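Chemist: Starting from the known structure of chain A, fit chains B and C onto it as the hints suggest.
Residue numbers (our numbering), protein chains in the order written: chain A, 31 to 250; chain B, 1273 to 1515; chain C, 37 to 251.
I should point out that these hints are in silico values taken from the structure, not numbers from a laboratory.
All values reported here derive from a predicted model rather than from experimental measurement.
Take the hints with a grain of salt, since some may be wrong.
[As the list claims (entries may be wrong)] Between beta-carbon pairs, the in silico distance windows are:
hint: 1; chain 1: A; residue 1: M31; chain 2: C; residue 2: I69; range: 21 to 27 Å
hint: 2; chain 1: A; residue 1: T158; chain 2: C; residue 2: N123; range: 54 to 60 Å
hint: 3; chain 1: A; residue 1: R172; chain 2: B; residue 2: K1285; range: 30 to 36 Å
hint: 4; chain 1: C; residue 1: A61; chain 2: A; residue 2: K237; range: 35 to 41 Å
Virtual Cβ for every residue (Gly too), placed ideally from N, Cα, C.
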Amino acid sequence: MNWFTPIDNFGFLFMGTVNTFWITVVSFVLSFLFGSLLATARYYKNIKSTYTLSTIYVEVIRNTPVLVQIYLIYFGLAEFGIHLIAVVAGILALAINNAAYLSEIIRAGIVAVQNGQWEAASTLGLSTWQILYRVIFPQAIRNTFPAIANQFIAIIYGTSLLSVLDVRELMDRANILNSQTFQSMPIFVFVTLLYYVVSIFVSFFLKWVNRRYFPSVQKG
Amino acid sequence: MIELSNIVKSFGKQTILHNVSLSVKKGEVVVIIGPSGAGKSTLLRCINKLEDIDSGEIVIDGERLTRDKKQIRKLRAEVGMVFQQFNLFPHLTARDNIALGPTYTLKQGKANIDKIVDDILFKVGLLEKKMSYPGQLSGGQQQRIAIARALAMQPKAMLFDEPTSALDPELVGEVLNVMRDLAKDGMTMVCVTHEMKFAREVADRVIVMVDGRILEEGTPETIFTNPREERTQSFLRSILQKN
Amino acid sequence: MDFHIVWVYRHLILQGFLVTVEISAMTIVTSTIVGLIAGLLKTSKHKWLISPIIAYVEIFRGSPVLIQLFMVYFGLPYLGVSISMFNAVLLVFTLYSGAYIAEIVRAGIESISNGQREAAMTIGLTYSQMMRKIILPQALRVILPPLFGWYISLLKDTSIASVIGYTEMVFQGQNVINMTDRPFEVYLTVAALYFIISYPLSKFVDWMERRRAYA
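Next up, chain A with everything else stripped away, as it sits in the complex:
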């Protein structure tokens, strides 16, 4: 039994952590952009076509497992001659999945912005799109920042599933190291704690961002 195996191979695991991190960031940015569009489409209920489409999208994605979505995009699309590189398929799947969750968070944020904001902005002569993206949207993000931050951390955990496509993120590195050294418990305990440390670090960073850029919603 060698509890130092993960320490001895820290460089290897660290590279996996770096990959996990950038995959998370790219997936988050994509899902945030897409989620914002979805949220807008879901907000305007009177535009039937986009509302219906976006609603179906959100419901289907949120009521099926992300793992199946990953398999569908990587293996399923290959059946139609669409062969994506594993990491691309993985990022795409995570973005598609989290966009649905983020859109619901953002939409709730938009709904929560007081009507007076719309009225005040329209008296300034802004167009609907200008109001939405310059006045309402920033407030919606601000009000829902903690939930959005949670979603970011959920993506970190989600990236571990990309190990099924042999994407070289942290979980995959842990598996490789395990198959080379057979030091299962030390490796998996260490990597579990590594995930925990990363998520704590990210969560502190996001709390700092929240305080720094949205001070008015913080108490005291």
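Modeler: Same frame as chain A, but now just chains B and C:
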């Protein structure tokens, strides 16, 4: 009945009560007045051990309070408390709010409890609201039910923490009437209130608290017509102006 | 596209479906018990009891369930403790889900105003009487919608057990794919079966939330 000696209480670095001593006789009605932040509510909450004291001694009905949980529970059963925000249990009917203490703390039988509930509801004039939920009652009615809930424990004394401050002006009277009746029945009462007319009428003794200290005390007559301290005068002026 | 081939292997997928429902139902029960106890302890005043509970909740909410599965299923035998795959899956999902439920329960209990606690104390109720008669009945209204929402997440998360080879629905789907080479049709069918359970549940959660908002 209630003996407080040299009570010191602080929250963090801020001392709320400086060496407060107070003695309330059986059947006496004591009203505590003073500007907000004077420590009136904190003093009341200390009597009921809702706040721990840093030093000093509390004796209720001859029994010195310790940190013993059983003793504290027994004391709380003997001293009723009415809050500014009523704190009725929203998921229970008026009847069940009142019956809860007698059922679990006094371990009364059901028949007995029904009688206690009816008697007390009659006393506070809300017998017809027996099966209503707090959300279906006005603020004044809720506070009367809260008083009834405390009375159902057959307490030896009652503490009132600004019982009318959260009420619309037109609902204050009905609550004060219930309190007046209680005083007439000889209940030992300690009330923190801004209702000066009530204090004048009902109190045996008025205590003026400022900055965590008892500034002066006396009969309502003395305090309201001839206060000794300048700060009492300015406080009373400011209250009168508001009314 | 050829869904006929899926129909041919329907018994395998159905078997997987039943296992998914079974393991979900079981972990819903076990993790609710664990989560309720852990959540209650987290709100209690016993500091010495709380710190291990906090550590447990933090770790199991702070890492992916996949690595937790590997830690238990491959890690325990490494320490000389043999564990069957079913027990490993049950254990991990109970602890993982229990940690999330503990937070839901804690948040629900802490949402009840302090005045309720104080009022319960002033009529001499014990801690357990206060919890059972005053705090929990009210907290339940706050807890139930996110709790059922979590159950939906848990149902979908059990698919991750397929990665270590647990024969639930996704794993059975992969068996069918190995025989048919039709990943798109099979995964789509599997997704549809998840949807059939998850969607009505999610509408139920929406309804609960609306009812709470108007109450």
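Chemist: Against the structure, test the hints numbered earlier, and report the numbers of the ones violated in rising order.
Modeler: Hint 1 alone not satisfied by this model.
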